[in-house]
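Got chain A sorted already, so can you dock chain B onto it with the hints?
2 protein chains.
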Amino acid sequence: MTNKYNSTYIMDTYTICGPYESKGPLARYFDKKYTDDLYFGEKTWEQAEVHLLKEANSNIMKKNKLKQEDIDLIVSGDLQNQIAASDYMGREFNIPFIGIFEACATSGEGLAIGASFIEGGLAKKVIVSTSSHNMTAEKQFRNPTEYGAPKKKTATFTATGAASVILTNQKSKIKIESSTIGRVMDLGVNDVNHMGAVMAPAAGDTIYRHLKDMKRDASYYDLILTGDLGIYGEKILRDYMKTNYNIVLGDNYHDDGTLLYDLGKQPVFAGASGPVCSGLVNFGYIYKEMLKGTYKKVLIVPTGAIFSPTMVFQKESIPSIANAISLEALL
Amino acid sequence: MTNKYNSTYIMDTYTICGPYESKGPLARYFDKKYTDDLYFGEKTWEQAEVHLLKEANSNIMKKNKLKQEDIDLIVSGDLQNQIAASDYMGREFNIPFIGIFEACATSGEGLAIGASFIEGGLAKKVIVSTSSHNMTAEKQFRNPTEYGAPKKKTATFTATGAASVILTNQKSKIKIESSTIGRVMDLGVNDVNHMGAVMAPAAGDTIYRHLKDMKRDASYYDLILTGDLGIYGEKILRDYMKTNYNIVLGDNYHDDGTLLYDLGKQPVFAGASGPVCSGLVNFGYIYKEMLKGTYKKVLIVPTGAIFSPTMVFQKESIPSIANAISLEALL
Chain A
4 MTNKYNSTYI
14 MDTYTICGPY
24 ESKGPLARYF
34 DKKYTDDLYF
44 GEKTWEQAEV
54 HLLKEANSNI
64 MKKNKLKQED
74 IDLIVSGDLQ
84 NQIAASDYMG
94 REFNIPFIGI
104 FEACATSGEG
114 LAIGASFIEG
124 GLAKKVIVST
134 SSHNMTAEKQ
144 FRNPTEYGAP
154 KKKTATFTAT
164 GAASVILTNQ
174 KSKIKIESST
184 IGRVMDLGVN
194 DVNHMGAVMA
204 PAAGDTIYRH
214 LKDMKRDASY
224 YDLILTGDLG
234 IYGEKILRDY
244 MKTNYNIVLG
254 DNYHDDGTLL
264 YDLGKQPVFA
274 GASGPVCSGL
284 VNFGYIYKEM
294 LKGTYKKVLI
304 VPTGAIFSPT
314 MVFQKESIPS
324 IANAISLEAL
334 L
Chain B
4 MTNKYNSTYI
14 MDTYTICGPY
24 ESKGPLARYF
34 DKKYTDDLYF
44 GEKTWEQAEV
54 HLLKEANSNI
64 MKKNKLKQED
74 IDLIVSGDLQ
84 NQIAASDYMG
94 REFNIPFIGI
104 FEACATSGEG
114 LAIGASFIEG
124 GLAKKVIVST
134 SSHNMTAEKQ
144 FRNPTEYGAP
154 KKKTATFTAT
164 GAASVILTNQ
174 KSKIKIESST
184 IGRVMDLGVN
194 DVNHMGAVMA
204 PAAGDTIYRH
214 LKDMKRDASY
224 YDLILTGDLG
234 IYGEKILRDY
244 MKTNYNIVLG
254 DNYHDDGTLL
264 YDLGKQPVFA
274 GASGPVCSGL
284 VNFGYIYKEM
294 LKGTYKKVLI
304 VPTGAIFSPT
314 MVFQKESIPS
324 IANAISLEAL
334 L
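Going line by line, the protein sequences match chains A and B. Converting from the first sequence to my numbering requires adding 3 to each position, the first position being numbered 1. Converting from the second sequence to my numbering requires adding 3 to each position, the first position being numbered 1.
So that you can see chain A by itself, here it is in the shape it has in the complex:
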């Protein structure tokens, strides 16, 4: 489903990152950086993630001199079971709350839902937020990190941070121009150490449908950014687009997972992942470069492996999804 929007704009963004991301090449674009450890003064990793998300949403309101009653709705999701980081963030605000789950595709899903409330005249200001935390994700989805299990080179590294966006019906410099909501794809991949392969077909399907519905070529965009396929998933997507749709992705295509870290130096395998990977890259780096005029038309395509350990133990393959959001700078 592709929708063109009339009146949905980004008022501002706010990004917070952890120590790994603050050593990466995009660190200067983030509003707040934690550099010491992964606890941020909390006692558990789960609470540490709640801390980041609360802080991102508090700070974006403070920065824009908005009170809680000025915000109609918070739309938020994360990777914790029961999206606990978002739920426990939500209880700190007297603001209506919508909880969502599409793993690392959350930020795109949230923008599409937020935009629907604004386009329908049902809300004037909506906060869309997401977070991830390397250790909560490792603990929940992979192996207890104390085991020190070796990883495959196709594995990705879950980013730590929180990202928050205020959508508004008042004209600003960055418009949400259109969106294409993803379908659940599953091509039978069940390698939990290669989420790039799991997610590439979802990114491909969504980008293809977006370009077709909007009657655009891939070259229409100054940038097309999937996230978080990593270096191997990025290559798979290029092949997949060429083979299935005869679409050649050019130099304007990149993957957020390859941009967040210094892949040559940081121990992050195939790149970054987690809902906040796209959140940090798109709402930190890309948003700020769009404000400067570096990029005018950008298609962000956050990708999610909606991976259930229970289902994979039962020998199921891993479904995935991707949502495309077209951003346009009105400078």
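Everything labelled a hint here was simulated from the structure, so no lab data went into it. Careful: at least some of the hints might be erroneous.
One copy or two, either will do: identical chains are not told apart, so a pair holds if it fits within one copy or between any two.
[To be verified] Okay, derived cross-link-like pairs now, DSBU-like style, lysine-lysine, Cα gap no bigger than 30 Å in a straight line:
id: 1; residue 1: 127; residue 2: 238
id: 2; residue 1: 318; residue 2: 36
id: 3; residue 1: 268; residue 2: 66
id: 4; residue 1: 7; residue 2: 174
Only chain B this time, still in chain A's reference frame:
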């Protein structure tokens, strides 16, 4: 946030239940009943729940002679970690998908999201679906059932089934008249065997805000239905509304959790719970009685304890949420 809608209608509903629900007093209202076991021909409970959700969404389309391309969007959520039942249902349909999580408040959340897409002219037909399965929930949230742990009388019994609704912009006999999206509430309750106490304040806050925003008395509605507070939670809500807002809920107030089973005979403690509890009661029983003219104005308020076992192990209390949806029969 309370929104009045102009153009969102229910085209049809479809409900499927399991053996416990098929022995309850509302069984005749459900479109399909499984009476034998909780597997429905699948090998695992998780797959059994996927089976129900796929079947509900396939059958509602068949019954209404709709093809996949006639549906713009599926909005779905459930109790499994990573909303796996919804994700694995989603991959069976070539339809854009939005995954949501608010535990047992899911059906109300889904209706509010679906309505926002229809009100904004972004979609013409949206399926909203949810499911729960007694054994997947027991296994994930409580104790392995083989342990035979005794339960407190305030515990509830997770319903098994799936419920599906088609929302449309074409006038029908049942209109979605308005909605109030809930805030995350947490009054410090951490008793995992008393979710009625956890959720009653969320129901109270949402009902209060709905009535205030719409300038209505509780007597405006032929029925106000929370779900799934159970018999003790229902009493707590009556007290809470009286004490906090000076609102007396009359004979028009009931809780879905007390209606689904025969509480005198079935071994279900304080009543039914699970996202499909509200789904079955509201989209089976209530919807069909509204079509007959028994009730004209109904406020449904699905309630959810957004309970994370990890957070409760870390000595946290349990947040909750409730969304109110006003249904109106146009007969």
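* Hint by hint, which ones does this structure get wrong, listed from lowest number up? -> Hints 1, 3 contradicted; others consistent.
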